[in-house]
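With the hints as constraints, model all of the structure from the sequences given.
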Amino acid sequence: MSLCIAAGGNILALAATAFSLTWTHSVEKTTWAEHWRIDNNALQLVQASVEGAGAGIDLPENAVRVEGAWVFRPALPPLSSLQLAASGATVSAWRLCTGERCLELGAEPGDPITLWAADQCVSGKPSS
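Read in order, the letters of the sequence shown correspond to residues -18 to -1, 1 to 110 in mature numbering (1 follows the signal peptide of the UniProt record, and there is no 0).
Be a bit skeptical, because a hint or two may be false.
Below 20 Å or equal to it, Euclidean Cα-Cα: the simulated EDC-like pairs (lysine to aspartate or glutamate) are [said to hold, decoys possible]:
id, residue 1, residue 2
1, 11, 49
2, 11, 86
3, 11, 40
4, 11, 33
5, 11, 90
Hints are computed from structural coordinates only; laboratory data are not their basis.
Next up, the structure:
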């Protein structure tokens, strides 16, 4: 299974069954992290954490405080794809990690970045 990344007119395929996304919240300047699993050509958000509550950060009832962050399991169905904004005007880029490989995405203004899972990453869109 591959994690497919379409950015800047290019497609990158990473062999992965899981990945994480981290970024700095644009208003609160706190770190947000999401852990995703790839299952049946879908992206499943399995855990999220944020250093603190504030503007635009509504913590669910199941959030627990662990080592300085609020950790919770979002109630989100599996997604066929995920769009990441690439404004270049936010506090940080997206940091995507699979195993020991990490990429910085969306640091410069551009089209949104699309993530999806597939056996082969052959186009800029996930298969239906």
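Now for the hints, and whether the structure bears them out:
no.	hint	verdict
1	11 / 49	18 Å, holds
2	11 / 86	18 Å, holds
3	11 / 40	15 Å, holds
4	11 / 33	9 Å, holds
5	11 / 90	19 Å, holds
In this structure, every one of the numbered hints holds.
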